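So the sequence lines, in the order shown, correspond to chains Z and R. Count the first sequence with the working numbering and you get residues 261 to 445, in order. Count the second sequence with the working numbering and you get residues 261 to 445, in order.
Hints were generated in silico from the structure; no laboratory data involved. Since the model is a prediction, treat every value here as computed from it, not as a measurement. Certain hints may be false.
Because identical chains cannot be distinguished in the list, a pair is counted as satisfied if it fits within a single copy or across any two copies.
[What the hints assert, rightly or not] In silico SDA-like links for lysine to any residue, alpha-carbon gap of 25 Å or less: (1) 287 - 323; (2) 287 - 354; (3) 326 - 374; (4) 287 - 355; (5) 326 - 308; (6) 374 - 263; (7) 326 - 384; (8) 374 - 336; (9) 374 - 325; (10) 287 - 305; (11) 374 - 348; (12) 374 - 330; (13) 327 - 405; (14) 374 - 419; (15) 374 - 352.
There are 2 protein chains.
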Amino acid sequence: MALEHAILVSLSERAGSGYELARRFDKSIGFFWAATHQQIYRVLARMAEAGWVSAEEIAQQGRPDKKVYTVSAAGHAELERWLAEPLEPPSFRDELGVKLRGAELGGAVDSVLKEVERHRELHAERLAIYRAIERRDFPAPDELTGRQLHQYLVLRGGVLAEQSFMQWCDEVIQAISNDMRGTSR
Amino acid sequence: MALEHAILVSLSERAGSGYELARRFDKSIGFFWAATHQQIYRVLARMAEAGWVSAEEIAQQGRPDKKVYTVSAAGHAELERWLAEPLEPPSFRDELGVKLRGAELGGAVDSVLKEVERHRELHAERLAIYRAIERRDFPAPDELTGRQLHQYLVLRGGVLAEQSFMQWCDEVIQAISNDMRGTSR
DNA sequence: GACGGCATGTAACCAGTTACATGATTAT
DNA sequence: ATAATCATGTAACTGGTTACATGCCGTC
Numbered sequence: 261m262a263l264e265h266a267i268l269v270s271l272s273e274r275a276g277s278g279y280e281l282a283r284r285f286d287k288s289i290g291f292f293w294a295a296t297h298q299q300i301y302r303v304l305a306r307m308a309e310a311g312w313v314s315a316e317e318i319a320q321q322g323r324p325d326k327k328v329y330t331v332s333a334a335g336h337a338e339l340e341r342w343l344a345e346p347l348e349p350p351s352f353r354d355e356l357g358v359k360l361r362g363a364e365l366g367g368a369v370d371s372v373l374k375e376v377e378r379h380r381e382l383h384a385e386r387l388a389i390y391r392a393i394e395r396r397d398f399p400a401p402d403e404l405t406g407r408q409l410h411q412y413l414v415l416r417g418g419v420l421a422e423q424s425f426m427q428w429c430d431e432v433i434q435a436i437s438n439d440m441r442g443t444s445r
Numbered sequence: 261m262a263l264e265h266a267i268l269v270s271l272s273e274r275a276g277s278g279y280e281l282a283r284r285f286d287k288s289i290g291f292f293w294a295a296t297h298q299q300i301y302r303v304l305a306r307m308a309e310a311g312w313v314s315a316e317e318i319a320q321q322g323r324p325d326k327k328v329y330t331v332s333a334a335g336h337a338e339l340e341r342w343l344a345e346p347l348e349p350p351s352f353r354d355e356l357g358v359k360l361r362g363a364e365l366g367g368a369v370d371s372v373l374k375e376v377e378r379h380r381e382l383h384a385e386r387l388a389i390y391r392a393i394e395r396r397d398f399p400a401p402d403e404l405t406g407r408q409l410h411q412y413l414v415l416r417g418g419v420l421a422e423q424s425f426m427q428w429c430d431e432v433i434q435a436i437s438n439d440m441r442g443t444s445r
């Protein structure tokens, strides 16, 4: 369970409302931790009850009121506690892999191949977004220090993961196309 | 939701009991789809009710009875249906990334760096397992066809993912060590 | 006698998803 | 008119985790 902690990180960087957090989870921090607004509101309520964040209601003109959340001392302490804690190795969930492994059994090699091609394009788009952020925010990565360096490294992880996934897609497309030509000859 | 489908794939390859499935999910198919025995039993019961699998109770001597599950025609049809269906792009959950991004805020750069080093070793071990399977089961990958080729490609995906993760770890370790030396000088 | 393997499960809980609901303002 | 944006939430459901329970067999 780390949505709490992802929120603590994001709110530490900048205070914000549930809605604003949901926007951030559509990009930036959301690129490596997905969350919907419903979940964010619920977790935020729980965190407020635990005293990790405090909410300040802000009236706005022309817009609904909003609650701006700030990390409290207890929240900061919790973040530190969590950071020091060892992390479980993440458990794999590779649905495309399951499909590929089952393709032959269901006579669906062709449609799984199309899926791999489609996912290759999805990941190419994602990679392009990362590259654009890289160019815009980190033009000189060698000179980064501290928090900016860490942010860059996280983004770099996204770049490497996407590249490696695309390479896999290419190998799969090549090998399977080849195999289909060979076996139908 | 694809545990059902992962089980259909595994049972299509070979019939087996819930316990045997749980063993398989500790290795082979479990390397890219994690599941515990409790979950497997529950899903298996649901699948039997839906008619996707049929159970045959087998009495054993010296051991508890077991129920051996076989995929039915309806189960095969469901597998085909699922294979033809497009797949959602998987949503990211990178807890190490969240930690790295929060490290500076919690004054925990040092302990996060140690976590990265630890996870590098975990993934090195995982990679070694994949490599061993590669050598044992697929000594001549260029000659593979059909189901074996697909199995190999899934494994290949694991190899690429682990390699790329390790490369990221190395970059992180290098960059942060360097940064800590620089800023404390 | 204790532990590990075989074999099955129940119960409680937690996290995450999907659908629905409300209501004002601004841009097309 | 209609859709998008801002802003908050409830309710029902699904999937997954953790803890607990049972009982026999073979080995150390």
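TODO: Identify every previously stated hint that the structure contradicts and give their numbers, smallest first.
DONE: Numbers 3, 7, 9, 12 and 13, in rising order.
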